[in-house]
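Trainee: Based on these hints, arrange chain V on the given structure of chain Y.
Residue numbers (this note's numbering), protein chains in the order written: chain Y, 181 to 392; chain V, -6 to 126.
Keep in mind that the hints were calculated from the coordinates and are not lab data. Watch out, some of these pointers could steer you wrong.
Keeping only pairs whose Cα atoms sit at most 27 angstroms apart, straight-line, the calculated BS3-like set for lysine-lysine is [claimed, not checked]: (1) K284(Y) <-> K65(V); (2) K376(Y) <-> K356(Y); (3) K115(V) <-> K351(Y); (4) K65(V) <-> K243(Y); (5) K120(V) <-> K356(Y); (6) K387(Y) <-> K224(Y).
Note that the coordinates shown come from a computational prediction; the quantities given were computed from them, not determined experimentally.
Each chain is listed here by its residues.
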Amino acid sequence: MIQILKSFSKRILRILFGRKDNISIGFYGPPNAGKTSLANKICKDWIGEELGIVSKVPHETRKVQFKEKVEVKHKGKTLSFKMIDTPGIATKIDYEDFLKFGIKKKLAKKRAKEATQGIIESIKWLDDMDAVVVVLDAAENPYSQVNITIIGNIVARNKPVLVVGNKIDLKKADIKKIESAFPDYDVVGISAKEGKNMDEFYESLFKLTRDI
Amino acid sequence: MANKTKTVKKIKGLSLQVLPFSEIEELTIAERVKKILNLVLGNKIVLLHGRLRAEEEARLIEDTMALVDHVKNFKGIELAVIEPNLKDKNIFTKFKYGLAKSLVGDNALTVIGPASIIKEIKRDPKKIELMFN
Chain Y
181 MIQILKSFSK
191 RILRILFGRK
201 DNISIGFYGP
211 PNAGKTSLAN
221 KICKDWIGEE
231 LGIVSKVPHE
241 TRKVQFKEKV
251 EVKHKGKTLS
261 FKMIDTPGIA
271 TKIDYEDFLK
281 FGIKKKLAKK
291 RAKEATQGII
301 ESIKWLDDMD
311 AVVVVLDAAE
321 NPYSQVNITI
331 IGNIVARNKP
341 VLVVGNKIDL
351 KKADIKKIES
361 AFPDYDVVGI
371 SAKEGKNMDE
381 FYESLFKLTR
391 DI
Chain V
-6 MANKTKTVKK
4 IKGLSLQVLP
14 FSEIEELTIA
24 ERVKKILNLV
34 LGNKIVLLHG
44 RLRAEEEARL
54 IEDTMALVDH
64 VKNFKGIELA
74 VIEPNLKDKN
84 IFTKFKYGLA
94 KSLVGDNALT
104 VIGPASIIKE
114 IKRDPKKIEL
124 MFN
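Same shape as in the complex, but just chain V:
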């Protein structure tokens, strides 16, 4: 077998910002999106505990596109929502999840980052991979 040396590329720096849902809960759609995009424009990868509603995600895309037009070197965002997959779980597990959700909030996690840093978010039902530029 050929003697190949595996190398791991060093990541120079990565800034993650955890955003508890409570921090955006009281905000309007426009304010929520603005807060998220301000963090992304600061080259931060936002980990939002919870998820945005469908119309908020659409607004996020709309405002992102408006920014791509106006902010130099801003190419847009990468976005992914990770949720526990309950499709094949039994009713007891679903009930437990529903109860936990009502007690501590949504178990989903939303990852939003600048497209200049995150090249792609690969996802399927079992895993999520962040590919960096």
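The following block holds chain Y by itself, in its conformation from the complex:
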């Protein structure tokens, strides 16, 4: 009931004063969930260029990267926003994990150092977001404390959240598991790599920013 009233009052304010200019939408989640892949897909769809490099090695994105203005058109409506892609949040970083991917020790240590700083930066940026897209790997167990902590922090800051289950092209993907882990939030399953279900994602993105 409180949520309905909050949403109603926000809509009234929006009608009276208009939508906030320069909405910032952050892409958050654990490492290797496909945040940058999704950001790239959106950029390719609407700007024609990619945002960042993706790789199988965790913590490829170690600095916050953004596009100042992305304009998405969907069903006759236009959504303009600043897109912020953040480094994956984790509770541990071990440089030895990078060695398994053939990275040399010195570079692995450098990568680990950058990754720890990236996590701190991600958390600090959370206050600057107007809405957050939490990207999870649909083939992984969603009940991890990092996922819960990320969503808990967005909710504690009263920011709207959309949960995206990425990699639905994988056999192990289970979007129902994500839905049952986060029953209070809008969940959409996509494959950023193969461009699957992007229409539903854009629909949810408009819904996410409706009350800002």
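Mentor: Leaving out everything else, chain V in the frame of chain Y:
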């Protein structure tokens, strides 16, 4: 059927530290996180009776990352919060839980341990498993 002998690996030693919430209740966020991380740096697995607020968990991750950068051989933490699952319970049970919570405090249990000891905390709604390195 092949005659296979099952072996159980011996755990050499494990140090658990129970931390009643009352011990951190009066502390600031920074002090709470510092207290927890000091125990974890001493290779202890902390069992906190209760749970941290979302922003405290975020601060815990931030400070952990800063320590990974500065403390040799420290790789970070594993963290999990165990709470009674009341989602499918009836209103009477929820009321009883709410009453108990107001009388004796939060029924949640937070497990925080060094990543060098705890490899992974596997959890789903029904169980929690600690996998050791």
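Trainee: Any hints this thing doesn't respect? Which numbers, in order?
Mentor: When the structure is compared with the hints, none of them turns out to be violated.
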